[in-house]
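Chains as they are written, first to last, in this note's numbering: chain A, 2 to 268; chain B, 12 to 320.
There could be a bad hint or two in this list.
Stated by the list, open to error - Keeping only pairs whose Cα atoms sit at most 30 Å apart, straight-line, the calculated BS3-like set for lysine-lysine is: (1) Lys149(A) <-> Lys240(A); (2) Lys36(B) <-> Lys109(A); (3) Lys216(A) <-> Lys113(B); (4) Lys178(A) <-> Lys208(A); (5) Lys220(B) <-> Lys60(B); (6) Lys281(B) <-> Lys216(A); (7) Lys220(B) <-> Lys109(A); (8) Lys208(A) <-> Lys240(A); (9) Lys179(A) <-> Lys149(A); (10) Lys150(A) <-> Lys109(A); (11) Lys253(B) <-> Lys240(A); (12) Lys52(B) <-> Lys36(B); (13) Lys179(A) <-> Lys160(B); (14) Lys179(A) <-> Lys109(A); (15) Lys36(B) <-> Lys60(B); (16) Lys44(A) <-> Lys240(A); (17) Lys113(B) <-> Lys281(B); (18) Lys149(A) <-> Lys208(A); (19) Lys52(B) <-> Lys109(A); (20) Lys160(B) <-> Lys109(A); (21) Lys113(B) <-> Lys208(A); (22) Lys264(A) <-> Lys109(A); (23) Lys60(B) <-> Lys160(B); (24) Lys113(B) <-> Lys178(A); (25) Lys54(B) <-> Lys179(A); (26) Lys92(B) <-> Lys109(A); (27) Lys92(B) <-> Lys208(A); (28) Lys160(B) <-> Lys178(A); (29) Lys52(B) <-> Lys113(B); (30) Lys216(A) <-> Lys240(A); (31) Lys160(B) <-> Lys281(B); (32) Lys150(A) <-> Lys264(A); (33) Lys160(B) <-> Lys36(B).
Keep in mind that the hints were calculated from the coordinates and are not lab data.
The model shown is predicted, which means the values in this text are computed figures rather than measured ones.
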Amino acid sequence: RDGSGLDNLSQVRHVVLVLSGKGGVGKSTITTELALALRQAGKKVGILDVDLCGPSIPRMLSVGRPDVHQCDAGWVPVYTDAQKSLALMSIGFLMEDPDEAVVWRGPKKTALIGQFVSDVSWGELDVLLVDTPPGTSDEHLAVLENLKKHRVDGAVLVTTPQAVSTGDVRREITFCKKTGVRILGIVENMSGFICPHCSECSNIFSKGGGEELAKLTGSVFLGSVPLDPQLSTSTEEGKDFMQSFPESATFSAISSICATLLKSLEI
Amino acid sequence: MPCPSLFLTHLVVLFCVLKHSVDSKSLQERQRQQMARGLPKQKPITGVKQIIVVASGKGGVGKSTTAVNLALGLSANDPSKSVGLLDADVYGPSIPKLMNLKGSPDLTDNNLMIPLMNYGILCMSMGFLVDDAAPIVWRGLMVMSAIEKLLRQVDWGELDFLVVDMPPGTGDVQLSISQNVPVAGAVIVSTPQDIALLDARRGAEMFNKVHVPVIGLVQNMSVFQCPNCLHQTHIFGSDGAKNLALSMGVHFLGDVPLHLSIRETSDSGKPVVVSAPDSAEVWAHLRPLGRQLPCPPPDDTGRAGVSRP
Chain A
2 RDGSGLDNLS QVRHVVLVLS GKGGVGKSTI TTELALALRQ AGKKVGILDV
52 DLCGPSIPRM LSVGRPDVHQ CDAGWVPVYT DAQKSLALMS IGFLMEDPDE
102 AVVWRGPKKT ALIGQFVSDV SWGELDVLLV DTPPGTSDEH LAVLENLKKH
152 RVDGAVLVTT PQAVSTGDVR REITFCKKTG VRILGIVENM SGFICPHCSE
202 CSNIFSKGGG EELAKLTGSV FLGSVPLDPQ LSTSTEEGKD FMQSFPESAT
252 FSAISSICAT LLKSLEI
Chain B
12 MPCPSLFLTH LVVLFCVLKH SVDSKSLQER QRQQMARGLP KQKPITGVKQ
62 IIVVASGKGG VGKSTTAVNL ALGLSANDPS KSVGLLDADV YGPSIPKLMN
112 LKGSPDLTDN NLMIPLMNYG ILCMSMGFLV DDAAPIVWRG LMVMSAIEKL
162 LRQVDWGELD FLVVDMPPGT GDVQLSISQN VPVAGAVIVS TPQDIALLDA
212 RRGAEMFNKV HVPVIGLVQN MSVFQCPNCL HQTHIFGSDG AKNLALSMGV
262 HFLGDVPLHL SIRETSDSGK PVVVSAPDSA EVWAHLRPLG RQLPCPPPDD
312 TGRAGVSRP
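Given only the sequences and the hints, what does the whole structure look like? Please build it.
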């Protein structure tokens, strides 16, 4: 590999972390949908999936088990289409059995993430989204330390409306403030469920928690995404939800979040 | 006659080869012994009879909610049993909120932390030791040390069951707990979605790797019933966990529906087993008790542990 210090992130214009203190709020789903929305808006997007214990993105993008190649500059990301508009690198690609459990302690994870962040040859990208595992641990510190040389534009925080979720995300917000990561905004996911039968809206996971959290911490509220079985099914089956359901309320919500994000990144 | 120095060189080479092959066997054996010495020894927690972990691999499937209601269910099922609840999710401790507990634990004379109690359950969590908004930005090594303290430097007293709420993932915390204390069994929680099931499978595999028996799989958020028209929607898919349990040869412990009341009571710190003891959701949580949970050893009267609800 070329050891001339070639910076693989030099042609990546913006780096956005997708964080949450809480597990299972939809970080990977939101990362995937934002990436698809950004692509629809004509941007070149990359996704770096550093959730070593539960890498979900390859499945959501229906990428399967591709071979990962190396070039002079490092790992070649996997492209989801022929136009190379959406690039992806995930730990899942490097495991022999993608369903294998990655039972590693911190130092090993830190080492791998270091490689991941600096050794993927992204080429030219408008936005690189980084999907993280829940919490504030080795993986997050490793990502930030390795991205220090490059610039991190900020973080999008995902929460569900309920108190146990917003409580954890509050910690994540403090983490961002302490580490100097700009908070681009908060997304409230699973915000309300519309019964397909009678259209009654049930707040299964409560309501308004995300917006309250944004107010409490002085952050931007990017928007709410409803609990949509069609979105769950699309991610399960690796289908492009943004293309398949443009009439849905969920589509509008995600598009609006994408637009706000683009504005704050000044693209 | 061969040159003496060449002969000597051959001898030396032969000697080295022999030594190497003998050495590599004993070297391997020595290495094996060293490695075994380096691994932590499993030591039971004084006074605690059975440790049950509630895990998943995937975040947000309801581990904490299940752990809390399981602990309460164990107590409700047999009030003579003493139950503790340990929140091992260092980064995102939910137990204080779910159990409506706040405050810093006091210390005993020998510097053990006194667990906080609510609804008859003794609880310990990192959440009691840090500010609400403070992030725990710790690397793995510090987390291991914290877990050790939460396990051993707490005055648990005599417990029949210690239910441990695990964090998501398959890393330091899971390894530390499995290697340091004898775990009677693991209850794995998942939602029906494939994405969650993949992680649940990884979680189960991890327990196999560290020789912790998997008691079974709970399928959480199985179905949602509209409170208005009673139409049922499988928001997160259906039967995925049931099928996974079958394919992995682990017991399927049951379905817990996605019910507004479970979330509402959780948020208000009055878990559903306590606030609505006769509801269907409660029986869903109690069902695991009647199945495969390990029984504490019989007491002096010869009666076995858990009775069927």
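A quick look at each hint next to the structure:
no.	hint	verdict
1	Lys149(A) <-> Lys240(A)	34 Å, violated
2	Lys36(B) <-> Lys109(A)	28 Å, holds
3	Lys216(A) <-> Lys113(B)	24 Å, holds
4	Lys178(A) <-> Lys208(A)	25 Å, holds
5	Lys220(B) <-> Lys60(B)	23 Å, holds
6	Lys281(B) <-> Lys216(A)	27 Å, holds
7	Lys220(B) <-> Lys109(A)	18 Å, holds
8	Lys208(A) <-> Lys240(A)	28 Å, holds
9	Lys179(A) <-> Lys149(A)	14 Å, holds
10	Lys150(A) <-> Lys109(A)	21 Å, holds
11	Lys253(B) <-> Lys240(A)	25 Å, holds
12	Lys52(B) <-> Lys36(B)	26 Å, holds
13	Lys179(A) <-> Lys160(B)	26 Å, holds
14	Lys179(A) <-> Lys109(A)	25 Å, holds
15	Lys36(B) <-> Lys60(B)	41 Å, violated
16	Lys44(A) <-> Lys240(A)	19 Å, holds
17	Lys113(B) <-> Lys281(B)	14 Å, holds
18	Lys149(A) <-> Lys208(A)	36 Å, violated
19	Lys52(B) <-> Lys109(A)	22 Å, holds
20	Lys160(B) <-> Lys109(A)	24 Å, holds
21	Lys113(B) <-> Lys208(A)	24 Å, holds
22	Lys264(A) <-> Lys109(A)	37 Å, violated
23	Lys60(B) <-> Lys160(B)	19 Å, holds
24	Lys113(B) <-> Lys178(A)	25 Å, holds
25	Lys54(B) <-> Lys179(A)	38 Å, violated
26	Lys92(B) <-> Lys109(A)	41 Å, violated
27	Lys92(B) <-> Lys208(A)	38 Å, violated
28	Lys160(B) <-> Lys178(A)	29 Å, holds
29	Lys52(B) <-> Lys113(B)	33 Å, violated
30	Lys216(A) <-> Lys240(A)	35 Å, violated
31	Lys160(B) <-> Lys281(B)	27 Å, holds
32	Lys150(A) <-> Lys264(A)	24 Å, holds
33	Lys160(B) <-> Lys36(B)	39 Å, violated
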